[in-house]
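Trainee: Chains A and B are the protein sequences, given in the same order. Residue 1 is where the first sequence starts when you use the numbering used here, and the numbers rise one by one after that. Residue 596 is where the second sequence starts when you use the numbering used here, and the numbers rise one by one after that.
Keep in mind that the hints were calculated from the coordinates and are not lab data. Just so you know, even glycine gets a beta-carbon here, dropped at the ideal spot from N, CA and C. Just so you know, not all the hints are guaranteed correct.
Listed below are the simulated PhoX-like cross-link pairs for lysine-lysine, each with C-alpha atoms no more than 20 Å apart in a straight line [said to hold, decoys possible]:
#, chain 1, residue 1, chain 2, residue 2
1, A, LYS47, A, LYS9
2, B, LYS657, A, LYS67
3, A, LYS377, A, LYS415
4, A, LYS57, B, LYS606
5, B, LYS676, B, LYS606
6, A, LYS419, A, LYS377
Covered by chain A, according to a simulated footprint, are these stretches of chain B (three or more residues, beta-carbon under 8 Å) [as the list claims (entries may be wrong)]:
#, region
7, 609-621
8, 657-667
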Amino acid sequence: MKEDVFVNKTLKGIGVSSGIITGHVYLLERGKIPVKKTTIKDDQIEKEIIRFRTAVKKAINELNSVKQSIPDDEMRRHAFIIDAHILMLQDDYFFKEVVDTIKDEKINAEWALDIVVSRFLASFENIDDLYLKERGQDLKYIFDRLLRILVKGKTPVIEATKKKTARGIIVAHDLSPADTIQLNLNKISGFVTDVGGRTSHTSIVARALEIPAVVGTGNITSLVKNNDKIIVDGDEGVVIINPTREVQREYISKQLRLRNIKKEYLKIAGLKSETRDGFKIKVGANIELLAEMDIVERYGAQGIGLYRTEYLYLSRKTLPTEIEHFHIYKKLAENKKMEYITIRTLDIGGDKFASQIEMSKEINPAMGLRAIRLCIKEVDLFKTQLKGILRASAYGPLKLLIPMVSGLDEIIKAKAIIKECMEELEHKRIEFNRDIKIGIMIEVPATCMISDMLAKEIDFFSIGTNDLIQYTLAIDRGNEYVSYLYEPLHPAILRMIRHVVDVAHAHEIEVAMCGEMAGEGLYIPVLIGLGLDEISMNPYAVPKAKKIIRGIDHSYCREVVSEIMLKGSSKEAEFILRKEMARLFPQDFIRCYEE
Amino acid sequence: MSMVEGEFTIKNRFGLHARPAALFVKKASEFSSEIWMEKDGTRVNGKSIMGLLMLACPLGSKVRLEVEGADEVDAFSELGKLIEDGFNEE
Numbered sequence: 001m002k003e004d005v006f007v008n009k010t011l012k013g014i015g016v017s018s019g020i021i022t023g024h025v026y027l028l029e030r031g032k033i034p035v036k037k038t039t040i041k042d043d044q045i046e047k048e049i050i051r052f053r054t055a056v057k058k059a060i061n062e063l064n065s066v067k068q069s070i071p072d073d074e075m076r077r078h079a080f081i082i083d084a085h086i087l088m089l090q091d092d093y094f095f096k097e098v099v100d101t102i103k104d105e106k107i108n109a110e111w112a113l114d115i116v117v118s119r120f121l122a123s124f125e126n127i128d129d130l131y132l133k134e135r136g137q138d139l140k141y142i143f144d145r146l147l148r149i150l151v152k153g154k155t156p157v158i159e160a161t162k163k164k165t166a167r168g169i170i171v172a173h174d175l176s177p178a179d180t181i182q183l184n185l186n187k188i189s190g191f192v193t194d195v196g197g198r199t200s201h202t203s204i205v206a207r208a209l210e211i212p213a214v215v216g217t218g219n220i221t222s223l224v225k226n227n228d229k230i231i232v233d234g235d236e237g238v239v240i241i242n243p244t245r246e247v248q249r250e251y252i253s254k255q256l257r258l259r260n261i262k263k264e265y266l267k268i269a270g271l272k273s274e275t276r277d278g279f280k281i282k283v284g285a286n287i288e289l290l291a292e293m294d295i296v297e298r299y300g301a302q303g304i305g306l307y308r309t310e311y312l313y314l315s316r317k318t319l320p321t322e323i324e325h326f327h328i329y330k331k332l333a334e335n336k337k338m339e340y341i342t343i344r345t346l347d348i349g350g351d352k353f354a355s356q357i358e359m360s361k362e363i364n365p366a367m368g369l370r371a372i373r374l375c376i377k378e379v380d381l382f383k384t385q386l387k388g389i390l391r392a393s394a395y396g397p398l399k400l401l402i403p404m405v406s407g408l409d410e411i412i413k414a415k416a417i418i419k420e421c422m423e424e425l426e427h428k429r430i431e432f433n434r435d436i437k438i439g440i441m442i443e444v445p446a447t448c449m450i451s452d453m454l455a456k457e458i459d460f461f462s463i464g465t466n467d468l469i470q471y472t473l474a475i476d477r478g479n480e481y482v483s484y485l486y487e488p489l490h491p492a493i494l495r496m497i498r499h500v501v502d503v504a505h506a507h508e509i510e511v512a513m514c515g516e517m518a519g520e521g522l523y524i525p526v527l528i529g530l531g532l533d534e535i536s537m538n539p540y541a542v543p544k545a546k547k548i549i550r551g552i553d554h555s556y557c558r559e560v561v562s563e564i565m566l567k568g569s570s571k572e573a574e575f576i577l578r579k580e581m582a583r584l585f586p587q588d589f590i591r592c593y594e595e
Numbered sequence: 596m597s598m599v600e601g602e603f604t605i606k607n608r609f610g611l612h613a614r615p616a617a618l619f620v621k622k623a624s625e626f627s628s629e630i631w632m633e634k635d636g637t638r639v640n641g642k643s644i645m646g647l648l649m650l651a652c653p654l655g656s657k658v659r660l661e662v663e664g665a666d667e668v669d670a671f672s673e674l675g676k677l678i679e680d681g682f683n684e685e
């Protein structure tokens, strides 16, 4: 029996694409090809030069076909890097240096290439900033490609994944767009990387392919070798290296269970979201990338209840322009399957990282200068995005959602800025929807108390439960000592939601919920009973929500809500709810045996 | 001998990295003139991306653009504008 090191070694990362898979590691290594160094005779010089020339041509062809196969916009944004790489390969100066080195030193092509590249790299090292790093990486990238071609005739990763009949799990330090695009995606069953986050390239691709992925594991590439068996759990963000039989069995049954559930859910996805007694509630999706639209459609969301725009600001070095905003929102607007698309304006701050945007350090950023507060202070920043949204509103049912409002003045100011934007567009004769619906997030408890005043100024409310619960109960969810106090069924929270809904309906405006609470199946009867017009959630949660909505009566939900609202503790409320849901949906909810 | 030349400051935040260098080379290659860029005594071919990257120009560095040939005036003004505009990165 072969000896495995790291048996059952568990790594924790960020689960960025749902699902579980067990498979063999396909390690994507770079820059680890040994350079074969030999001296050559005079009559071999011409042959080495031709070898080098052929390798360069091949590399250019490879990159050109990579460029052509780039499937969607998100990735196309990275295409300029491929252009730069092609230019580097076509560079006469570079080519001549290598050829001269072959001639002068009488050495083989890969050795000469190694010398020239290290000379270039050395000259880059005069400066020690990000800039240097970036240039060095580009050069190393083409060096690596050329070397692989010289040694093996091709870039082997592509070959391996193309040839392999069994599907493998790609393990890499990080995947560049160019790497991903040339993998044979049908042969990949999962991704694991050392670095990355929810919006990194690997994550986007994995979600689009609907295969499990865990990123940010730290050092998986140094722990595994090719063909090691690993389990990837994209829901929990866990990777297990060389699992024992028992562990494998456990995961296989978990995987089968998930697969069956998914199959069932996809059947429900296209059905109407209506209770048995005919009460309609909209089910929307929360997303942040255009690439997620396919999933949104397949999993049956009626609209986008929350389109987060922070990603536009974070994944780049410079601020997005009006045109860039416009193009993205226009693509969203043009999707004919969506009944509505709610775009939330910039909500940087708090739990979100603002690494690329220059902001001064704040002791308590969650309650600091973020979202609408920042937008009112940095008016140009706000106007750029608003004009992008307004222009796109000419192409489809866009709605505008302002986060983190705490008082009436902010709404008045925001509306004045929106009006200014409209006037500027009108002046330029650019089309937009003058009647675009403007709404605010209800996430600061103050807005709940004055919702009657706010309702007169805007067209809809969207309740963000994550922040509302934290601010109302004064608990930091990230703090392990108090996180147990994070209770969506706390009577104070239920009363606030009911109040906001009642006020909204009295003013004839709609109210949605787009926090995590909305995506949790257990709470759906409560949300129906409270009278929300829309619930919006992670797109994968939509079918389950529909299943529950379709299997329940509106009148029953109202009764349940009345009952649990009488309970002083959320523990009691949750107990009642769990018992009821286990009775109504025995497949989806586990019975509480402590009864 | 005629030649158009002038000094420019690199304005984009991350200097003359791969993307702006690629833009510059593509633009430069549209002209028949010879194009050179010089910084601190090192002079490189403006149609060579490797050359430009070798120059190592971070934000704020001063470069000298020299253009010589039939379309030197157009080339100089267009390339100069590209540098001045921070390679359209902002």
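Trainee: Tell me the hint numbers this structure goes against, listed in increasing order.
Mentor: Violated hints (numbers, rising): 1, 2, 4 and 8; every other hint is consistent with the structure.
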